[in-house]
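Add chain B to chain A, keeping to what the hints say.
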Amino acid sequence: MRPTDFVRTLLAFIILVVLHYTLRPLLGWRAGPDFLVIATLLVAIRVRPGAAALIGLCVGLVADSVDIHAFGAGALAMTAIAFTASWLKAVFFADDVLLNALFFFLGKWAFDIIYVLAGARADAGQMAVQLFVWSPLTAAVTAIFGLVTLLILRPILRASPS
Amino acid sequence: MPPAARAFGRRDTVLFVSCLVLAFAAIQLPDRIRDPLASTLRQTILAPLVAIQSDAEQSRRSWLTRETREAQRDSIALRAMSLDAALSENDRLRKILGLGSSLKWGFVPAEVLQGRGVGEEYTITLSAGSRAGIRPFSPVVAPEGLVGMVKSVDPTMSIAIAWAHPDFRVSAMAVDDAVFGIVGAHLGGEPERYLLEMRGVPMRSNLKPGTLIVSSGLGGTFPRGIPVGTIIAEMKTSELWARTYLLRPAVAPADVSDVMVLLPARTTSGVQTVWKIGLKADSAVKSIVAAGDSLARLTRHDSTAAPDSIPKHDSIPKRDSIPKRDSSARAPRVTP
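Residue numbers (the numbering used here), protein chains in the order written: chain A, 3 to 164; chain B, 61 to 396.
Keep in mind the hints are simulated off the structure, nothing from the lab.
Bear in mind the structure is a predicted one, so any value in this text is a computation, not a measurement.
Ideal Cβ positions, reconstructed from N, Cα and C, are used throughout, including at glycine.
Worth double-checking, as some hints may not be accurate.
[Said to hold, decoys possible] Chain B regions said to be covered by chain A (calculated; three or more residues, Cβ under 8 Å): (1) 88 to 97; (2) 104 to 118.
[Said to hold, decoys possible] Derived CB-CB ranges, DEER-like: (3) A:Ala33 - B:Pro90: 27 to 35 Å; (4) B:Ala137 - A:Ile158: 42 to 50 Å; (5) A:Gln132 - B:Arg121: 24 to 32 Å.
Next up, chain B with everything else stripped away, as it sits in the complex:
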């Protein structure tokens, strides 16, 4: 309840009239006096109030424009997502173009058709078939390395098995150490199911993690020098005569959208210069093949030829000197 009315005195009248006069005077103030006076009031008494008013108006603007800003943010996010996909596809297509220019001839570009249904986890459908020259067992490669192998061919499309397929095998070798083995899918549980195994590595060979494994070219299906994967670690197995290594594949089939299918003529002529890693492996393979040939010849000669013919083989060239040393050593004893 407000207080009761007070008496209306002369002093109040004087004050009221004075205030009215001051107000009228303020209205009539010239600019040169009014502006500094108003400025002083704004910068002193009104300053904090103007500041909070500014904040309040900003809050109101933010509130009013929130839907617009959300729509803009969503649009930008959508564009950014599309941009990432476009950049990724652009990068991949550039790599494919680079692979095509490196291969120069003997390949068919193909698009991997989407269709990963049940039972299609380890196979890929390609958009090119026998009309383009693709034959069964043609290698399927990507810029990163080996993808798989064509299994069946139709006139306009073909089915290939990826390296994750249980039936997939490739003869492979370590680039640095010239160690050979057979690479196939790692049939363990998820998530290791999408790794590779390199089996049959001799016990004397110890591969370090990170070692690049490429196709060896043995067997004729896959040309030499296609990256298959990199060593992760050695696996513990019950085999006592060979080592098995776990590999991280060079290509993830799920990420592949465009591939190259190597034609038979290209497979025969090799692709060592494409991935630039097969030079040392080439010499290693030649030496091992030559060694295998000489050993085979030696075996044949051992079983059929006379002992004096053995020194003729390149693989045991020092046998000539051995009898000489023996004869020279025995000579003094025979003479007397």
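If we strip away everything but chain A, and leave its shape as in the complex, we get:
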């Protein structure tokens, strides 16, 4: 990654992280967008899978620090989806809107599945409701916001000509 691309990606990442802690609480939705997942996925597709896994681990640990009862679950989920996204980036990022939306949707849903299962804090019924009702809904919202984010941050995220 070129230094200019690195700076651009870092800027987009910071913007998305800030949005996660500002816009999300402002919206206050039960199924709100997860900008951390969007940020991690956007960074992951621009780095090697190993680096993506490391970034996912760090982001997950920082996010888990406010939820100490599931500490590590977010790190595990974020590591997994970051690595997978980096591995599958050629498939998903074909500059197709629907594919990108599906990418964000699956990424968020996968994150929730791993997070809930790894945390294992609720009974089976609650987990089922969470995984098959709220998580898809949240993933859909995240996908929509991810697409909007891609459109808005397109000037930043566009790779510089080689």
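Coordinates of chain B only, in the frame set by chain A:
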């Protein structure tokens, strides 16, 4: 367009597995290690983010509760407005009670009925009439001073003219200087229309701004000692033999809601002790009335009686000595 896919190497696999192991290890961390670690992360990397999240949530709460807060603020404002009116009315009623206890007898409390339509700017309708003992020309007073005079009386209500009425007149005097005059409405344009004039003040008398003017009791309609107003300034008029002063009225008719109507017996007996300001005026009035009487007697005697009877009058007591001095002065010249 994102960059093309890179090769998936052994190093990536190692990193990925290491991260997974670390994540699992984090999940399995005992509390004594996990809590300080999470706390450190919260206090370092996450601290600014948590701060802005707190601000964002506060903003959201403010936004969600804005209508409730506006309703509460409106309710409080409404209550505050009512409270001010209640306090003002309470204060006024206390003053009325105080005036009633000072008057003790010979008065009728009355409520000023609202009805300030066209032509009613200078008259007030009172809720008491002849059945309560009110008669025409009864003085209408408030705790602050003179309000006006009853003009017409019905059995259950009466009409009074306020001091702002063009026909209103009251004989008045300055408390401090015993200067007399006639007080009436100032018939100038707005906003001075709601001021008073004190006319007919002798040229030798100069009243200072702030001097309290009270009813003099002359004429019999208004008892002595009711505050009428305070001197604002002298007015420039074409009269060369008397001064005219502008007065700020003691009572604003628009603010009056409850008044006392003095009955004839009370008017006759006086109200000097009610407003506690008529004591000096009383003596001044007596001296002036006595002077007027003696001058009148002197005039009568001058026109009818012989010169040798003049020394009998109190008003010119020194006339006895004048002839003696003259006679003694002339005596040496007569003797030879």
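Hint-by-hint comparison with the structure:
Counting residues of the region 88 to 97 of chain B whose CB falls under 8 Å from any CB of chain A gives 5; the rule of at least 3 is met. Under a criterion of three residues with beta carbons nearer than 8 Å to beta carbons of chain A, the stated coverage of the region 104 to 118 of chain B is upheld, 9 such residues being counted. Roughly 34 Å separates the CB atoms of Ala33 (chain A) and Pro90 (chain B), a value that falls within the hinted 27 to 35 Å. Checked against the given bound of 42 to 50 Å, the beta carbons of Ala137 (chain B) and Ile158 (chain A), roughly 49 Å apart, stay inside it.
One distance hint, 24 to 32 Å for the beta-carbon pair Gln132 (chain A) and Arg121 (chain B), holds here, with the actual separation near 26 Å.
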